[in-house]
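Chains R and X are the protein sequences, given in the same order. The first sequence: position 2 = 1 (numbering that gives the first Met the number 0), numbered continuously. The second sequence: position 117 = 116 (numbering that gives the first Met the number 0), numbered continuously.
By construction, these hints were calculated from the structure, which means they are not laboratory data. Some hints could be false.
Stated by the list, open to error - Listed below are several chain X residues computed to face chain R (Cβ distance under 10 Å; list not exhaustive):
#, residue
1, Tyr6
2, Ile7
3, Ala17
4, Ile32
5, Glu50
6, Phe52
7, Leu61
8, Gly64
9, Ile96
10, Cys97
11, Asp143
12, Ile145
13, Asp189
14, Thr191
15, Asn197
Computed from a predicted model, the values in this text were never measured in an experiment. All C-beta atoms, glycine included, are put in the ideal place defined by N, C-alpha and C.
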Amino acid sequence: MPRYKRQPIARHRIVDKLFFIVCLSAMIIPMLLLIILLGDVLITGIERLNLNFLTSFPSRKPQNAGILPAILGSSYLVLLTGIIALPLGISAAIYMEEYSKKNRLYYIIEITIANLASVPSIIYGMLGLTIFVRALGLERSILAGALTMSLLILPIIIITSREALHAVPRTIRDGCYALGATRWQMIWQIVLPTAFPNILTGAILAIARAIGETAPLIIVGAVSYITFLPISPFSEFTALPIQILNWISRPQPEFAVNASAAIIVLLTTMLLLNAISIFIRYRVNKQRNNW
Amino acid sequence: MKHPILYILFILGLGAIALNCGRSSKNKDDTVIIRIDGSSTVHPIIEAVAEEFTKQYQHIDLSVGVSGTGGGFKKFCREEVAIIGASRPIKPSEEAICKVSNIEFIELPVAFDGIVVVVNKRNDWVNHMTVPELHLLWKPTAHDTIMKWNQVRPNWPDKTMHLFGPGVDSGTFDYFTKVINKQSGASRGDFTPNEDDNILVHAVKNHKYSLAFFGYSYYESNKKHLKVVPIAADNVSTGSPPIVPSLETISDGIYSPLSRPVFIYVNKKQALQSYVSQFVVYLLGPGRKLITEVGMIPLTKNAYRLTLQRFMQKTTGSLFQSSTSTTSVEAILAKPKQ
Numbered sequence: 000m001p002r003y004k005r006q007p008i009a010r011h012r013i014v015d016k017l018f019f020i021v022c023l024s025a026m027i028i029p030m031l032l033l034i035i036l037l038g039d040v041l042i043t044g045i046e047r048l049n050l051n052f053l054t055s056f057p058s059r060k061p062q063n064a065g066i067l068p069a070i071l072g073s074s075y076l077v078l079l080t081g082i083i084a085l086p087l088g089i090s091a092a093i094y095m096e097e098y099s100k101k102n103r104l105y106y107i108i109e110i111t112i113a114n115l116a117s118v119p120s121i122i123y124g125m126l127g128l129t130i131f132v133r134a135l136g137l138e139r140s141i142l143a144g145a146l147t148m149s150l151l152i153l154p155i156i157i158i159t160s161r162e163a164l165h166a167v168p169r170t171i172r173d174g175c176y177a178l179g180a181t182r183w184q185m186i187w188q189i190v191l192p193t194a195f196p197n198i199l200t201g202a203i204l205a206i207a208r209a210i211g212e213t214a215p216l217i218i219v220g221a222v223s224y225i226t227f228l229p230i231s232p233f234s235e236f237t238a239l240p241i242q243i244l245n246w247i248s249r250p251q252p253e254f255a256v257n258a259s260a261a262i263i264v265l266l267t268t269m270l271l272l273n274a275i276s277i278f279i280r281y282r283v284n285k286q287r288n289n290w
Numbered sequence: 000m001k002h003p004i005l006y007i008l009f010i011l012g013l014g015a016i017a018l019n020c021g022r023s024s025k026n027k028d029d030t031v032i033i034r035i036d037g038s039s040t041v042h043p044i045i046e047a048v049a050e051e052f053t054k055q056y057q058h059i060d061l062s063v064g065v066s067g068t069g070g071g072f073k074k075f076c077r078e079e080v081a082i083i084g085a086s087r088p089i090k091p092s093e094e095a096i097c098k099v100s101n102i103e104f105i106e107l108p109v110a111f112d113g114i115v116v117v118v119n120k121r122n123d124w125v126n127h128m129t130v131p132e133l134h135l136l137w138k139p140t141a142h143d144t145i146m147k148w149n150q151v152r153p154n155w156p157d158k159t160m161h162l163f164g165p166g167v168d169s170g171t172f173d174y175f176t177k178v179i180n181k182q183s184g185a186s187r188g189d190f191t192p193n194e195d196d197n198i199l200v201h202a203v204k205n206h207k208y209s210l211a212f213f214g215y216s217y218y219e220s221n222k223k224h225l226k227v228v229p230i231a232a233d234n235v236s237t238g239s240p241p242i243v244p245s246l247e248t249i250s251d252g253i254y255s256p257l258s259r260p261v262f263i264y265v266n267k268k269q270a271l272q273s274y275v276s277q278f279v280v281y282l283l284g285p286g287r288k289l290i291t292e293v294g295m296i297p298l299t300k301n302a303y304r305l306t307l308q309r310f311m312q313k314t315t316g317s318l319f320q321s322s323t324s325t326t327s328v329e330a331i332l333a334k335p336k337q
């Protein structure tokens, strides 16, 4: 009898172990793949990575080619996208969380935004081409690209910002009102700073997506090669992912090395952005502890 | 800084200032811009020429996009670009659209692109193939039927073939099927297509019983990993010898029918602008030396002379749309005006 009773426990332990192993491998396998991928890119690309590579124009000679216009184009694009999308997205989230009545229209908007977040990026490219490039006559400009990218990342910013605002406890809001604060004072001085670290995380994720996105840019007409630097929002431009795509499809294997080097630059930029967001979050939390 | 939201504004502001600093260093008012777009096959040529051209003409800016031949023609007929690269002649439907918006074009062949048929290095049975054999292998009815090497030629091994080819949207695929199957786009469907020719190179490198076709420049850069198949236009017994694709045989038109001219199309109105004209003349003159450097094959001297002449006279319309693949570029260009 006791043996009979012990058996299920042993089996549960095995299941327990198995589940642990499944979870562990679910983490290790993607990590390994990522490490292999990054390692491969690093090994191939690192030899080409020097100051010259960062400050030259692309060239037909792989060893002379650089990514200066692509870096500038990408920075310009991301900056403009941030300026357009962040205030819009965060404001929209504040409206929906703090002001809007929860009526039918509200739920329709909510569902629409959730759906928009999963629309393939190339669709946004088509939209951008029709509206910004052609109807508004912005042509193949950085501004047209940035507006398209803003549309692409707006749903992400709105959803994450709403989650962040939602996480601020009801009691804090009630406390504000109890002290005689207006709604504006409550939002600006209490709710926003409390929700800020999470808003920032969402914003950085969205911006990082904008840096890496290629398809909509090709549609709105980011070019592959320019002989000048983009000097205004209305200037034509190229971007890092497009430069990488261009090089990787070349017949000469030396260009693949250049592509790897450009990928390293792109990844470093993303890491840098993440680092900045972590730093700001850290500062804000520290400040709050000093209150 | 009291409020965290101000952090974001601060960083965005810093970025804007940084970019504006870069802007003041290069402020040219008298610059003009030439907008170019089109085929990815022609893109390396245009990029190389643009690089050298802007060293001499610093007041002329160029922007070069890659939206494919079809996408290029769309932009061209909307007058969004002045010049496009095309890996095939303009289609009648595209010409009609251009006509509606009243856009006249000058058609200029600029180089050759060969299509090579390649097999694995360890393949020791194929010494050549004929166009009828290629047709047997790639025709639409070969789908799920012609699966083994010995079905193409009886003394070849009884092994399953692995077929690879470029994506069905590419000009290379269009041209190959037009020449081999007599109808552009008609092909068996059970091969493995890939838009990226480098993937095709890898595939053939790794499979002993594989066969693929793609642009000559990809073979040129990967010669040591691939075995190229000499192509005979007809059965060898009827007197047409198998030809190995090379710079010479493609340029002279001997490697036929799997070589084709690639073009640039210039908007006639834009061609009257001196800077656009300067660029085209540079491309057909000193710039054509760069064509071999990027892995493409130049036309003959005489063909370039005729092309340049065509541009100088601003002759519009397409000569190549209705031409057959067997006529040489020179002969087509020399044809008297209708």
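Results for each hint:
This hint holds: Tyr6(X) has a C-beta 5 Å from the nearest C-beta of chain R, less than the 10 Å allowed. Among the interface hints, the one on Ile7(X) holds; its C-beta lies about 6 Å from the nearest C-beta in chain R, closer than the 10 Å criterion. Taking 10 Å as the C-beta cut-off, the interface hint given for Ala17(X) holds, the closest approach to chain R being about 8 Å. Taken as an interface hint, Ile32(X) checks out: its beta carbon lies about 8 Å from the nearest beta carbon of chain R, inside 10 Å.
A least Cβ separation of about 6 Å between Glu50(X) and chain R falls short of the 10 Å threshold, and the interface hint therefore holds. This hint holds: Phe52(X) has a C-beta 8 Å from the nearest C-beta of chain R, less than the 10 Å allowed. Here the hint on Leu61(X) is kept, as its CB sits about 5 Å from the closest CB of chain R, short of 10 Å. With 10 Å as the threshold, the beta carbon of Gly64(X) comes within range of chain R, its nearest partner Cβ sitting at about 4 Å, so the hint holds.
Of the supplied interface hints, the one on Ile96(X) is violated, with its beta-carbon coming no nearer than about 15 Å to a beta-carbon of chain R, more than 10 Å. The restraint placing Cys97(X) at the interface with chain R is violated, with a minimum CB-CB distance near 18 Å, outside the 10 Å limit. Hint on Asp143(X) is violated. Least Cβ distance to chain R is approximately 31 Å, over the 10 Å limit. This hint is violated: Ile145(X) has a C-beta 29 Å from the nearest C-beta of chain R, more than the 10 Å allowed.
The beta carbon of Asp189(X) comes no nearer than 25 Å to any beta carbon in chain R, farther than 10 Å, and the hint placing it at the interface is violated. Hint on Thr191(X) is violated. Least Cβ distance to chain R is approximately 17 Å, over the 10 Å limit. The interface hint given for Asn197(X) holds, since its Cβ lies 7 Å from the closest Cβ of chain R, which is under the 10 Å cut-off.
Consistency with the previously given hints fails for numbers 9, 10, 11, 12, 13 and 14, ordered from lowest to highest.
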